[in-house]
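Chains B and L, in that order, are what the protein sequence lines are. FYI, in the UniProt record's numbering the residues of the first sequence are 1 to 510. FYI, in the UniProt record's numbering the residues of the second sequence are 1 to 106.
Bear in mind the hints are in silico, worked out from the structure with no lab data behind them. Each residue gets a CB set at the ideal place from its N, CA and C atoms; glycine is no exception.
With a straight-line Cα cutoff of 20 Å, these simulated SDA-like cross-link-like pairs (lysine to any residue) come out:
| hint | chain 1 | residue 1 | chain 2 | residue 2 |
| --- | --- | --- | --- | --- |
| 1 | L | Lys32 | B | Asp372 |
| 2 | L | Lys63 | B | Arg126 |
| 3 | L | Lys63 | B | Thr123 |
| 4 | L | Lys60 | B | Thr123 |
| 5 | L | Lys32 | B | Thr123 |
| 6 | L | Lys32 | B | His373 |
| 7 | L | Lys32 | B | Ala378 |
| 8 | B | Lys480 | L | Val81 |
| 9 | B | Lys366 | L | Ala53 |
| 10 | L | Lys32 | B | Glu368 |
| 11 | L | Lys32 | B | Glu469 |
| 12 | B | Lys366 | L | Val64 |
| 13 | B | Lys200 | B | Glu333 |
| 14 | L | Lys60 | B | Arg363 |
| 15 | B | Lys366 | L | His42 |
| 16 | B | Lys280 | B | Phe195 |
Footprint (simulated), chain L over chain B, 3 or more residues, beta carbon under 8 Å:
| hint | stretch |
| --- | --- |
| 17 | 117-131 |
| 18 | 463-474 |
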Amino acid sequence: MPSPAIVARCAAQRLTAASSRSVLPSALRFSSRTPLRAAAICQSRHYVTPSAAQNATVDVENRKIETAEVLHQTGKNPADIDVGGMPHADAMMSPQAGILKQATIMDQGARPIYMDMQATTPTDPRVLDAMLPFYTGLYGNPHSRTHAYGWEAEKAVDKAREHIADLVGADPKEIIFTSGATESNNMSIKGVARFYKAKKKHIITSQTEHKCVLDSCRHLQEEGFEVTYLPVQNNGLIDLKQLEAAIRPDTSLVSIMTVNNEIGVIQPMEEIGRICKKHKVFFHTDAAQAVGKIPVDVNKWGVDLMSISGHKIYGPKGIGACFVRRRPRVRLEPIISGGGQERGLRSGTLAPPLVVGMGEACRIAKEELAYDHARVSALSKRLQDGLLAMEHTTLNGSPDHRYPGCVNISFAYVEGESLLMALKDIALSSGSACTSASLEPSYVLRALGSSDESAHSSIRFGIGRFTTEAEIDYVLKAVKERVNFLRELSPLWELVQEGVDLSTIEWTGH
Amino acid sequence: MAETAQTARSLYRNLLRYSNRFAAYNFREYAKRRSRDAFREHQHEQDPKRIKALLALGDKDLKVLQRQTMLSRYFQMDRLVVEGQETGQQKGHKGNIARLKDTGWD
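Construct the complete structure from the given sequences, taking the supplied hints into account.
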C-alpha cells in the first residue's frame, strides 16, 4: 500500500515534468524568424528530449532534497491530501476504492467484525499505554537486586501482582505468573497430583473442561492416576450429588471450570467449594473466561488453585497467572525448575511489560466490571432475542446460569461450517479456537447431549467491552439473510417445510 | 464553582475530540461512549473533593487518549464492514458523494 505522502509526491512530480517540457520549443520560435537557416535547424528539430549521457545520470552531489516539502507533508492525514483528479488519497489507500476510481465510491471497509471474544480480546489502549514504557526505557530484569533497573521493574511487577490479587480477592503473594491459562492448568493439575501421589491417586474433572485440562488428566492417567470425568446435565451444569458421590478417600483434586468457553455457563462454584472443603480435597478452577467478567472471590468460593489468562481480559497475549492458596497451604511439584522465581513454582525471568499489561488489565477490569457487565448484558439480550426469533434456533447451555458475553446458538438444518464460510464479514467460531481447525463437532455440545447435527450447526457469538450496537445489528441482519439462503438450498429444509419428521426417514447407506 | 464547571466542560470536550481520533472503529466508539457515560454518571456530583479527584482521573485518561490515538494513526488497518456505508457517485470535487437511490427494490 503506498503511503499518502508518496502518492502526493508522485502526483507533484508528474506536474513538474509536464511544465519542464514546455522549455523545448524556444529553438522553434527562433527558427521561424530566420527562414534561411531553417533547413539546418530542421534536422535537429525534436519534440522529445534527446537522449544524452547527462540526461541519463543523476547528479548525486548537487541533488536537491526539499526538506521543507518533506516536513510539510509528514503528519498529513490521507483524507486531506489532494492527488488531483482522484477523489482523495484516502480512497487510493483502500484497494477496493482504488479499483473503482471515480466511477462509484464505496465508502465501506472490508475488515470483518470481531465477534470471537472467547478466543481472545483486543488489547485495551490503556493497557498498551501502561506496557510501552517497559518496552522502551524500563528494560531491567525484575530479579536483579543490585541496581535501579532491577528495582523499578520489580516495583512495577509487585504493583501488577497487587492489581491481580485485588481482582480475585487474594493476597498478592498467592499470585504466580505463568505464560497463560494453559500453563496454569497444567501446573495446577499435574503439580498437585504428582506431589500427593504417594497417598492419593484420584482426580475428578468434568467432560466440558477445556482441552488443556482434559489432556493433562489423560497424561496423568498414563502415569498411573485414576481420573473421573463427570458428565454434565443438559443445561451444561454438573450435578453436585454426582460430584460428592465421585469423591473417594484417595481423591487429591477436583478441577471444574468457572465459565465454560463454548457455552458460557457458570458452574455453582460456592457449592462445589463447600463440598471440596468438607472432603478435604483441593479445588482447582479454570477461570480464564470468568475473571474480569463476573465477580470472582477465591475465599468466598473456597478455591485453592485458579488459572487466569491475560489476553481474555483485554490484556497482552503470552501472560497468565495462577492463584495458589497459602493458608491452608497447597503444595505443588513445579513443572519448570530453575532459578527459583515465583516461590520456586515457576522459574524463569518474568516479562515486566506483559506482567504490567496484565496488571493494568485487571485494574481496569475491576473498575469497569459493573459498567461492562451491564453493557454486555444489554447487547447480548439484543443479539439473543434477534437470533432466537428465527425459526428452529436454540440456545445451548443453561439460560439462567450463564455469562451473557457468550451466546452459543444452534441453527437447525444449516451446516455450521458452511454458515461460517458464508459469514466471511464476521469473525466467528463454532467452538474453541484450539479445535477450530478440525471439522469434528464440539465435544462440549456432545457432552450436553445434543445430537451430532445440532452440534455441527452451532455457532458461538462473543460480545465484549468494545462491541457496538451497530455491529450487533449488522450481525443479526447478516445471519438472518445467510441462514435463510442456506436453508433454501437444503433439501432437508424442504422436507421440514412439507411437515416431514426427519427422524422418521430411513436413510440408505452407500 | 463556576470555574470547576468550566474545567469539566473543557475536559469533556477534549476527551470527545481525542476519542474521535482513534483509527480503530471499536476503540473510537468505546472511548466516546465511555467518556459520555462517565460524565453523565457523575453530573450531579456535589462534593468538591470528589469532583477534584474525578477531574484528575479524567486528565490522566486524556493523556492516555492523546498518546494512544496518535499511535493508532501509525498502525491503521482497513476499516470494518460496519463503518462508513456511504455509497454513490462522486460529484464535484473534494470527494463529495451524491447518494444514488438503489431503485428497483421497492
